[in-house]
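Since the structure of chain A is already known, use the hints to place chain B on it.
Chains A and B are the protein sequences, given in the same order.
Its first residue numbered 1, the first sequence is counted upward by one per residue in the numbering used here.
Its first residue numbered 1, the second sequence is counted upward by one per residue in the numbering used here.
These are calculated hints, taken from the structure and not from any lab test.
Some hints could be false.
To be verified - Calculated lysine to any residue pairs in the SDA-like style (CA-CA distance at most 20 Å, straight line):
| id | chain 1 | residue 1 | chain 2 | residue 2 |
| --- | --- | --- | --- | --- |
| 1 | B | K9 | B | G34 |
| 2 | B | K143 | B | T303 |
| 3 | A | K42 | A | T141 |
| 4 | B | K259 | B | I156 |
| 5 | A | K71 | B | S392 |
| 6 | A | K367 | A | D404 |
| 7 | B | K202 | B | Q68 |
| 8 | B | K143 | B | N294 |
| 9 | A | K71 | B | A83 |
| 10 | A | K71 | B | P81 |
| 11 | B | K346 | A | N442 |
| 12 | B | K71 | A | D86 |
| 13 | A | K345 | B | T436 |
| 14 | A | K71 | B | N72 |
| 15 | B | K42 | B | K272 |
| 16 | B | K71 | A | P81 |
| 17 | A | K71 | B | Q75 |
| 18 | A | K345 | B | N442 |
| 19 | B | K71 | A | H84 |
| 20 | A | K110 | A | G34 |
| 21 | B | K71 | A | T69 |
| 22 | A | K345 | B | Q439 |
| 23 | B | K118 | B | Q106 |
| 24 | A | K118 | A | D134 |
| 25 | B | K71 | A | W87 |
| 26 | A | K346 | B | T436 |
| 27 | A | K71 | B | E82 |
| 28 | A | K240 | A | H254 |
| 29 | B | K367 | B | G225 |
| 30 | A | K71 | B | I79 |
| 31 | B | K42 | B | S133 |
| 32 | A | K272 | A | Q169 |
| 33 | B | K71 | A | E82 |
| 34 | B | K71 | A | Q75 |
| 35 | A | K259 | A | L209 |
Just so we're clear, the structure is a prediction, and the values are computed from it rather than from any experiment.
Protein chains: 2
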Amino acid sequence: MRGRSKVLKFRWDVVVIGGGPAGYTAAIRARQRGFNVLLVEKDELGGTCLNRGCIPSKALIHCAKVWQTVKNAGQFGVIAPEAHFDWSEMQRWANRVVSNLRRGLQSLLKHHGVTVEKGEAKIHGVNEVIVSSDDGEKVHTAKAVILAMGSSPAQIPCEPGASVLTEEQALFLPSLPKSIVVIGGGASGVELAWLFNALGVKVTLVEMLPQILPMMDAEVAEGLGQSFEKQGIDVQTSTKVNFVSARQGKTVVHTETVKIEADLVICAIGRKANSDGLSQLGINLNLDGSVAVNEWQQTTIPTVFAVGDLVHGSGTAHEGMMEGEWAVEAIARQFSGKPLPPAPKKLFIPVCTYTEPQALSVGLTEKEAKEKGLNVEIARFPWRANGAAMASALTEGFVKVIADAETKRVIGLHILGADAVNLNGEAALIVESEMTVDQAANIVRQHPSLSEGIKEALWALAGLPLHITKRPNRGRE
Amino acid sequence: MRGRSKVLKFRWDVVVIGGGPAGYTAAIRARQRGFNVLLVEKDELGGTCLNRGCIPSKALIHCAKVWQTVKNAGQFGVIAPEAHFDWSEMQRWANRVVSNLRRGLQSLLKHHGVTVEKGEAKIHGVNEVIVSSDDGEKVHTAKAVILAMGSSPAQIPCEPGASVLTEEQALFLPSLPKSIVVIGGGASGVELAWLFNALGVKVTLVEMLPQILPMMDAEVAEGLGQSFEKQGIDVQTSTKVNFVSARQGKTVVHTETVKIEADLVICAIGRKANSDGLSQLGINLNLDGSVAVNEWQQTTIPTVFAVGDLVHGSGTAHEGMMEGEWAVEAIARQFSGKPLPPAPKKLFIPVCTYTEPQALSVGLTEKEAKEKGLNVEIARFPWRANGAAMASALTEGFVKVIADAETKRVIGLHILGADAVNLNGEAALIVESEMTVDQAANIVRQHPSLSEGIKEALWALAGLPLHITKRPNRGRE
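Looking at chain A on its own, in the form it has when it is part of the complex (with noise of 0.2 Å):
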């Protein structure tokens, strides 16, 4: 392989486990460096995101938001009286679009050169990996090993007899049943209680803590769960659940204050690394079982780097991607025997929702930035002053802006509405750029678009909106 084997003690270069998109992403970009690399996955490649996260459950809420375009069609002259849905035929399509994207994954890996192998690998020793499969035990030695195993949900205690799916599991669900509690606020839970709800499913979500996703600003996540609530989603937050029993063919979820039954239990509260195992060999993991490593996702071990939910548990694809390129940069300064430089420049990483509204955070939340002794300016501007939003009827929701006010940067940008995901490059670049409100709000945007919703926003702050008379709520500051 390459001239270079002639060299070399090791067989590959680089080893990744884990075919998720960190590890993918790893792959290949170790690959595009010049490397031989070995990629073991043990099931399906694309990981949790592209077989049992984002990928089918942005599929599903597709086809959920299509049967809500055709209920709601009328008020656009559009007549459908005899609608209505197949949940079989949702979750072929959501297996359709799955099932395409992982062929096309996998000759994507052959044309970058990567060598795929199907087993179970064990780092075993700094430079081996153990690989068992069907086939028997084979061991793989590298110059370096990028650990991409992900994550797995949590689980809660729960009773035998009692209907409790993971996030995972709920996706694909044989039919629908009458009712669901949803434990869990974060993105996944959300979007499963929107999901169901929209599906005509009686849905109840369930947060502990005082505000559903909790990592996005406190007015953006109190938005949706209003809009929830009027959906008909029974929301309750501060509502720690103990355990989940069954009773008479129905699941009950026992919190300290009540009882809730239902027909199933969703249970999305969060996922735990995949790594036993790992702290008998010298990599040290945090207190969550999280695997800990430096700026350039180098673990404790010098030649072994992890990437992806592996260190952050509950953490998102691109964050993973981007960590896949940050230890490929360090495996390839290690090999040329060049120090690591301090630290990769920290990246601002997008949160989103794909509910109806769906919900958008980009950098410091309001609360993050005064906790971080900031001096902030905020601006808002609703989207039903927006004409984009207004000819298609979705007209819920803000944007939200956050500049310092000593440097008139902006600090945050977070959206609540309809195509909010969309948005989600425009309001990084701001954000990552360290524009000025002035600057980013005088680059010309479209009309009518929902990309004016963020000028408008800007130019609120910078005291002239234009298609609202005053910096709405402004009081609330």
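Chain B alone, transformed into the frame defined by chain A:
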């Protein structure tokens, strides 16, 4: 009116003629500078854009997209067997959007303290505006006048009895004909062609130039044309129309080579500035009838400014709004006796079509870049490799990124795809900020989202494609 009125020899600081986007933006900005402002509008507030252009067309296009969603809902598990649509209900929706926005604009102007007068305004002498209405004539004096009278659809020669509507009238058709010829493949023409084809009308689109959407990148225009053909629209480029005649209840379009018969012809060949009578006052016009202005929108009369379609005939609303801001900036300098700086920074104006797929161009097209003698690097990313596009089955089209080979700066971003319009802010930020390919690519985007398409095209240009194996169509440049 304010303390300053005592020392003023003119009744108004600023009179704005015309209440479209360029005019009302100028009026509000002038108020925000502390000027007293009269806005004169002879018809409805909001101009062409709000009353007979962008807004009603986007509302109708939304209705047609709902209809298409209902028709194609089957693959997503939603069955609507008896679905049909009602064109007059669609128009009712568009009317509702328009009147809501108009009411909003009215109260906006009131809140900002802009005095609005209904009537036909004529500039008369350097500082005098005469307004004629049912109440007779009124003379207003002003320190500065902003002309924002907009444009009107250009007409094609046609015989009596031929059914020919302008692009504006087409939005208010009482019933749908069986067949339509749309003359003119600019933004309005392609949108009308898409709209009526989506509603089952047999549509022929005729464009004089070799490419529809001549202001857009050729590949995007060509891609949209191919998609139109697949959708059943007959696209005829390089076809010049000589005149339109009537024959036995049908209307006939006579091109240089063929005759095309249809129930109705829509003329969307461009617009003419509403500049009648201005040259007699000493205001210079360009050859096409638009008002000649300097970089600050100043006409040949130094206290008279012109903005919007009056200046560029067939401009966009957002360009007009930007010009409104510039004119006010210039007037503020003039009032305070300061000279005008050489020119405001020339900003990139996004251009979009709200068809399916949508088209977006920001910055230089490939042709423009080459005409400037730039050495360019180009990469593309097809939506069929994007998870968000796949989850919603909207995989037509691509992102095309053009960079300067020397500086590595992004100089053009062109997108054909389902939700391209909402990416306009992200595209404009990249091009306007003169970001390098690496800088723009490194920003973290949400996975899965359409923003990733831009990131992937940038990565491909940097030689680091992740979800594609090579630069697609690389052989073409």
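- [ ] List in ascending order the numbers of the hints, as given earlier, that are violated by the structure.
- [x] The structure breaks none of the hints.
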